[in-house]
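There are 2 protein chains.
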Amino acid sequence: EIMAAVGAALTEGPLKGRHVLVTSGPTHEPIDPVRYIANRSSGAQGTAIAAALRDLGARVTFVTGPASVPPPGGVTVVRVETAQEMAGVVKATLPVDAAVFAAAVADWRVANAAGQKMKKDGTGTLPMLEFAENPDILAGVAQMGAGRPRLVVGFAAETETVEAHATAKRARKGCDWIVANDVSPGTGIMGGSENAVVLITADGAEVWPRMAKPEVARRLAARIAAALA
Amino acid sequence: EIMAAVGAALTEGPLKGRHVLVTSGPTHEPIDPVRYIANRSSGAQGTAIAAALRDLGARVTFVTGPASVPPPGGVTVVRVETAQEMAGVVKATLPVDAAVFAAAVADWRVANAAGQKMKKDGTGTLPMLEFAENPDILAGVAQMGAGRPRLVVGFAAETETVEAHATAKRARKGCDWIVANDVSPGTGIMGGSENAVVLITADGAEVWPRMAKPEVARRLAARIAAALA
Chain A
55 EIMAAVGAAL TEGPLKGRHV LVTSGPTHEP IDPVRYIANR SSGAQGTAIA AALRDLGARV
115 TFVTGPASVP PPGGVTVVRV ETAQEMAGVV KATLPVDAAV FAAAVADWRV ANAAGQKMKK
175 DGTGTLPMLE FAENPDILAG VAQMGAGRPR LVVGFAAETE TVEAHATAKR ARKGCDWIVA
235 NDVSPGTGIM GGSENAVVLI TADGAEVWPR MAKPEVARRL AARIAAALA
Chain B
55 EIMAAVGAAL TEGPLKGRHV LVTSGPTHEP IDPVRYIANR SSGAQGTAIA AALRDLGARV
115 TFVTGPASVP PPGGVTVVRV ETAQEMAGVV KATLPVDAAV FAAAVADWRV ANAAGQKMKK
175 DGTGTLPMLE FAENPDILAG VAQMGAGRPR LVVGFAAETE TVEAHATAKR ARKGCDWIVA
235 NDVSPGTGIM GGSENAVVLI TADGAEVWPR MAKPEVARRL AARIAAALA
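Each protein sequence line maps, in turn, to chains A and B. The first sequence runs 55 to 283 under our numbering. The second sequence runs 55 to 283 under our numbering.
Just to be clear, a hint being listed does not mean it is correct.
Put simply, identical chains are the same to the list, so a pair is met inside one copy or across any two.
[As the list claims (entries may be wrong)] When the alpha-carbon atoms are kept at most 27 Å apart in a straight line, the in silico DSS-like pairs for lysine-lysine are as follows: (1) K173 / K145; (2) K70 / K174; (3) K223 / K171.
Worth flagging that the hints you see were computed from the coordinates, not collected in a lab.
Isolated chain A, as found in the complex (with noise of 0.2 Å):
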């Protein structure tokens, strides 16, 4: 990690001098002090995807939820728990010449998250939780008007139809790119090691070939650099 760190200063890559922003991870929405909804992201695509960026010579911001990998060395590591937290924190890291949204974010949060824990009360009445919906973190970068990042990419983890849910995802949030893939539970790559995606960026929807998500994330970061060069 010092070496990569140490590497990275010294980096005259094609993203010298670009300052991107990198979420990644699940975030945790609490239910109660010990209790909360979270998702099987690990944060390893994430992870890869900073790294790569960092190779390339930029200074990145790593953003991340409670994510099971280590972050890479050599960038700003902030951590966060929720979506609000996550959602604060990319606000306050603005302006950047890039963001790559890949953290798994909450869609949810538990509006009556209880300050004591929820006790069986023996009369088998049930929790009812109370839902409200999180700050769009990806849609709110998107849509920005000045000082929005030149190139804004979203993430889209879908269970069916993958490239036309993407497809949409990509219009209805504003966004330039969105990296789709199946995360199905038949497919290992949720917490796995490998990636299949589908890239959509306004010229179509492009099918790369199931590989290792550090490759995912290299292959990301050169486009991410031509774009911006």
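Assemble chain B onto chain A, guided by the hints.
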């Protein structure tokens, strides 16, 4: 770990010839293919208890949810995800001489878990989760007639009035002992390296000083050995 396993096999400790079941870790209750309800248990205390029982010569079956610490060596490890899976494995493991239920089992599961990822539909409609009560593993074993372990130990993770809640829990569940601790966020206990427990037995409440989780485990294992002697 190999040395620990060899050590356990050779141990002539006070629990030699005894079979002890230990549950540990959180359970994860699926909401849809990518989201789940979790809790902050790291599995550290249950893992330390299994190791301490092994060191006293016991044959240990260790039933663990998705914990963040690795299971001990020299024990039989069975990995589960949900409370229902844990209940099934516990039932299949009986009879045992003693059972220590250190897992932080979810009280409720999502009754209407979705087969596909739940998506925002753009109308602002919020998800409705319906809950069902999970099997009460501790009470089920504690209230068995024939085949009940000689010693049944439950855990209570409380955030308020720990001793009173735990004493009531012992009576309600029908177990022999309750190991109670205060998991309020300020204590740093859930997910941390230390524990401050109150042991509730038929004789009343013993307040143990705050100490490292392995030390809590050694004390508890020694008490279990004495109870089974």
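Hint by hint, here is what the structure shows:
1. K173 / K145: The answer is between: 24 Å across copies meets 27 Å, while 37 Å in one copy does not.
2. K70 / K174: neither (56 Å within a copy, 38 Å between copies)
3. K223 / K171: between (37 Å within a copy, 15 Å between copies)
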